[in-house]
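*Asks:* Each chain, letter by letter, is given below.
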Amino acid sequence: MAEIELRQVEKKFGELHAVKPLDLTINNGEFIVLLGPSGCGKTTTLRMISGLETVTGGTILLDGKNITWLHPSERDIAFVFQLYALYPHLSVRQNIAFPLQAEGESRDLINKRVDEVVEVLQIQHLLKARPGKLSGGDQQRVALARALVRRPAAFLMDEPLGALDADFRESMRAEIKRLHIDQNATSVYVTHDQVEAMALGDRIVVMSEAVIQQVGTPNEVYYKPANIFVANFIGSPGMNLVQGVYSDGAVKMPGMDNRYEVPEDWENTLKQSLDDSDGLIVGFRPESAAVAQDGNLVGNVYAVDMHGAYSMLHINMNEHDIVHIRADRMVNYSIGEDIRFNVDPQMVRFFNPASELAITRREVE
Amino acid sequence: MSDLELRNITKQFPGVKALDNVSFEVKNGEFFVLLGPTGAGKTTTLRCIAGLSKPEAGSVLFDGELVNELTPADRDVAFVFQQYSLYPTMSVYDNLAFPLRSPMRKVDEENIRVQIVQTAEILQITPLLERKCAHLSGGEMQRVSLGRAIVRDPRIYLMDEPLSNLDAKLRESLRVELQHIQKTQESTTLFVTHDQIEALTMADRIAVLNKGRIIQIGTPDDIYDRPATTFVAELVGTPRINLVKAVRENGNLLVKNSKLKISLPEDWDPPADFLLGVRPEDIKPNPEGEFEGELTLMEPLGVETILHLTSGEQTLISLIPGMTDFKIGENIKFDINQERLYCFDNKGISLLC
Chain Y
2 MAEIELRQVE KKFGELHAVK PLDLTINNGE FIVLLGPSGC GKTTTLRMIS GLETVTGGTI
62 LLDGKNITWL HPSERDIAFV FQLYALYPHL SVRQNIAFPL QAEGESRDLI NKRVDEVVEV
122 LQIQHLLKAR PGKLSGGDQQ RVALARALVR RPAAFLMDEP LGALDADFRE SMRAEIKRLH
182 IDQNATSVYV THDQVEAMAL GDRIVVMSEA VIQQVGTPNE VYYKPANIFV ANFIGSPGMN
242 LVQGVYSDGA VKMPGMDNRY EVPEDWENTL KQSLDDSDGL IVGFRPESAA VAQDGNLVGN
302 VYAVDMHGAY SMLHINMNEH DIVHIRADRM VNYSIGEDIR FNVDPQMVRF FNPASELAIT
362 RREVE
Chain E
689 MSDLELRNIT KQFPGVKALD NVSFEVKNGE FFVLLGPTGA GKTTTLRCIA GLSKPEAGSV
749 LFDGELVNEL TPADRDVAFV FQQYSLYPTM SVYDNLAFPL RSPMRKVDEE NIRVQIVQTA
809 EILQITPLLE RKCAHLSGGE MQRVSLGRAI VRDPRIYLMD EPLSNLDAKL RESLRVELQH
869 IQKTQESTTL FVTHDQIEAL TMADRIAVLN KGRIIQIGTP DDIYDRPATT FVAELVGTPR
929 INLVKAVREN GNLLVKNSKL KISLPEDWDP PADFLLGVRP EDIKPNPEGE FEGELTLMEP
989 LGVETILHLT SGEQTLISLI PGMTDFKIGE NIKFDINQER LYCFDNKGIS LLC
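Quick note, the sequences are listed as chains Y and E, same order. The working numbering applies: residue 2 is where the first sequence begins, and numbers increase by one. The working numbering applies: residue 689 is where the second sequence begins, and numbers increase by one.
Bear in mind the hints are in silico, worked out from the structure with no lab data behind them. Model, not experiment: these values are computed from the prediction. Hints are supplied without guarantee of correctness; some may be wrong.
[What the hints assert, rightly or not] Distance ranges between label pairs, derived from CB positions:
1. Y:136 x E:761: 38 to 44 Å
2. Y:125 x E:812: 53 to 59 Å
3. E:760 x Y:21: 36 to 42 Å
4. E:873 x Y:182: 34 to 40 Å
5. Y:112 x E:974: 45 to 51 Å
6. E:1013 x Y:86: 37 to 43 Å
[What the hints assert, rightly or not] Calculated pairs, DSS-like style, for lysine-lysine (alpha carbon to alpha carbon, straight line, at most 30 Å):
7. E:933 x E:949
8. Y:253 x E:857
9. E:705 x Y:134
10. E:1021 x Y:178
11. E:1015 x Y:225
12. E:794 x E:742
13. Y:225 x Y:272
14. E:705 x Y:225
15. Y:21 x Y:225
16. E:947 x Y:178
17. E:857 x Y:225
18. Y:129 x Y:113
19. Y:134 x E:899
20. E:972 x E:947
21. E:1035 x E:944
22. E:944 x E:857
23. E:947 x E:1035
24. Y:134 x E:972
25. E:947 x E:899
26. E:944 x Y:178
27. Y:178 x E:972
28. Y:21 x E:857
29. E:1015 x Y:178
30. Y:178 x E:933
31. E:1035 x E:949
32. E:944 x E:933
33. Y:113 x Y:13
34. E:857 x Y:13
35. E:794 x E:899
36. Y:178 x Y:66
37. E:794 x E:933
38. Y:272 x Y:253
39. E:933 x E:972
40. E:715 x E:899
Virtual Cβ for every residue (Gly too), placed ideally from N, Cα, C.
Full structure from sequences and hints, please.
*Replies:* Below you can see the structure in the form of structure tokens.
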């Protein structure tokens, strides 16, 4: 069990700032996901926690103890890599036992620990096999077992599912979550896949351009994104973001007669937050809008697609903005057709176009 | 633009039958998707159509005419690959002009310009025309690759996983764009992918291919709602369909190793032992629900939440809209939409089709 604290931790590669000074506390037993596109600094952050990468500045604490300059092997942290990194010439049993042997543990203890961990992961039947003979999913289970067997204070995982097929990824994702619920080990997990992040994380750390954009529960990053980057990055497709101009309780948007009436409980906040340009970005999730004959927003159908359980309407509001609306499976629209829709006033969000930050609603006094 | 037909195509590689008696027809203006896992024979099929590979048996017909003996150039198909094959030192304009400047075509420069301007507008790459390809982003390069195929107005477009090297957000937006362009241009397109979402969202019809054989051909609705085999049922839909062993007993079906007992749908006549399929979105929590299970795992995805409901030793996956307040370990009552159950024999063949 462990609490990890990062204080003003940063990393420079020559001129390049891979991670700008960041603060983050990972609580004991928590599953934290570092999420972002490639090059955002998430893997570098993870590698600094593990000790595989030195920091350029800042302090890393494990349970209050400064581990910033400890060797990786002295940190009591286990690392699961994207590629399985198993020894091909050793059996599964030997692979799993390896870290304990390296630490000079007794044979009895090693056997006991290996037996326990293979039961948790249900890979007893694979013990005699060589890694090369296993499926991708089983290799990943063995890699997890090898990390688990050490009973480290914390687990670090770098895109462990990245190399797997889509359906395997789905079931391994559930297994990792199950494992975390059972073992409750402090875990830091890196991915670029927002679905994985949402499904696994107790909290998600969204990163972009070497900076933390938001730290929050899946619920928070989804419903209350801190800025435009998070709003767009989380969700598939991301949040619809349409820029307009605010005046007299409504946002006028380009294209046809698009005038979005702001919910009353937002009016005061918006009046106080706007700058001289009165520019405002209206944000809503695809499932927070609905087609309605008397809808106050309008566009024409750009494309309609079937996703199995539902359909997605892609609506062209003007030459810049195609918005996405989740709809019933059986809808029938043709391309070019005009379509009206409404946005759920409870679910709408507003952003400042200049700062790209979310505007937080102030409660009416 | 023209119809394409494959009749009984067989292609042998040393030790494997890459294609085994493959037949299908692509109609004029149709967006036809070949869907299957790695090694299914998708790319081999495309290569046989383009003339890059010669089948041992069977015929390829364009507009009803046999083209088996024609060279790739004479077949007049446009190929879009997963890896963009652009000339990095040339401008976007020159890359688009390249196929038109081929000595075989003899298009004059004025006409080339007109066609490129049109194509660039469709793909929204007009501002990029003077740029060198080496300076483009991945998404821009794939757009230019598409442009180079479109500019020629070929008989048919053959696309081999053109979106799979792009990041998720870009893939999403190009998918929508590609679908819009194909629908408005009515270009006959054969699109190969292993991604079920691409297939469901873009296709007029899908052919599911596995181990060199066609398993099913149908509209996205057919493939999703009426899968011919468990292979097809599991290939489309996320999360995956629940497939559980069931037995028939006195007008009910019992899910093995669980307490789930479902009344047999009226028009069903399954054998004593069979496989029951239930899509995750057809399992809905309901305080008055007929069934009960323990919530053993929960995966919130934002737009929806995946619930793992366990009854006995059997776990069913349920997909519900939005976020929930359920707690792991809770007992949850739920309904199963009995009008949307699937039934397969023990070999995985649908008993409903």
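*Asks:* Starting from residue 944 of chain E, check that the Cα of residue 178 of chain Y is at most 30 Å away, please.
*Replies:* With Cα atoms ~26 Å apart, residue 944 of chain E and residue 178 of chain Y stay inside 30 Å; holds.
*Asks:* Should the hint that residue 760 of chain E and residue 21 of chain Y are 36 to 42 Å apart at their CB atoms be regarded as holding?
*Replies:* 52 Å, violated
*Asks:* Can the restraint linking residue 705 of chain E and residue 225 of chain Y be considered satisfied, given a maximum Cα separation of 30 Å?
*Replies:* 53 Å, violated
*Asks:* Would the pair residue 178 of chain Y and residue 972 of chain E pass a check requiring their Cα atoms to be no farther apart than 30 Å?
*Replies:* Holds, at about 22 Å.
*Asks:* With a cut-off of 30 Å on the C-alpha distance, tell me whether residue 944 of chain E and residue 933 of chain E pass.
*Replies:* 6 Å, holds
*Asks:* For the hint 37 to 43 Å, verify it against the beta carbon of residue 1013 of chain E and that of residue 86 of chain Y.
*Replies:* 40 Å Cβ-Cβ, so the 37 to 43 Å window holds.
*Asks:* Range first: 53 to 59 Å. Now tell me if the beta carbons of residue 125 of chain Y and residue 812 of chain E are that far apart.
*Replies:* 56 Å, holds
*Asks:* Hint check: residue 944 of chain E vs residue 857 of chain E, CA-CA at most 30 Å. Holds or violated?
*Replies:* Measuring from Cα to Cα gives roughly 41 Å; hence the hint is violated.
*Asks:* Does residue 947 of chain E pair with residue 178 of chain Y here, judged by a C-alpha cut-off of 30 Å?
*Replies:* 25 Å, holds
*Asks:* Residue 873 of chain E and residue 182 of chain Y, beta-carbon distance inside 34 to 40 Å?
*Replies:* For residue 873 of chain E and residue 182 of chain Y the Cβ distance comes to about 51 Å; the hint is violated.
*Asks:* Between residue 972 of chain E and residue 947 of chain E, is the straight-line Cα distance small enough, at 30 Å or below?
*Replies:* 17 Å, holds
*Asks:* Just to be careful, I want the Cα atoms of residue 225 of chain Y and residue 272 of chain Y compared with a cutoff of 30 Å; is the pair within it?
*Replies:* Satisfied, since the Cα-Cα distance of roughly 20 Å is no more than 30 Å.
Hints 3, 4, 14, 22, 24, 25, 33, 35 and 37, counting from the list given before, are not met by this structure.
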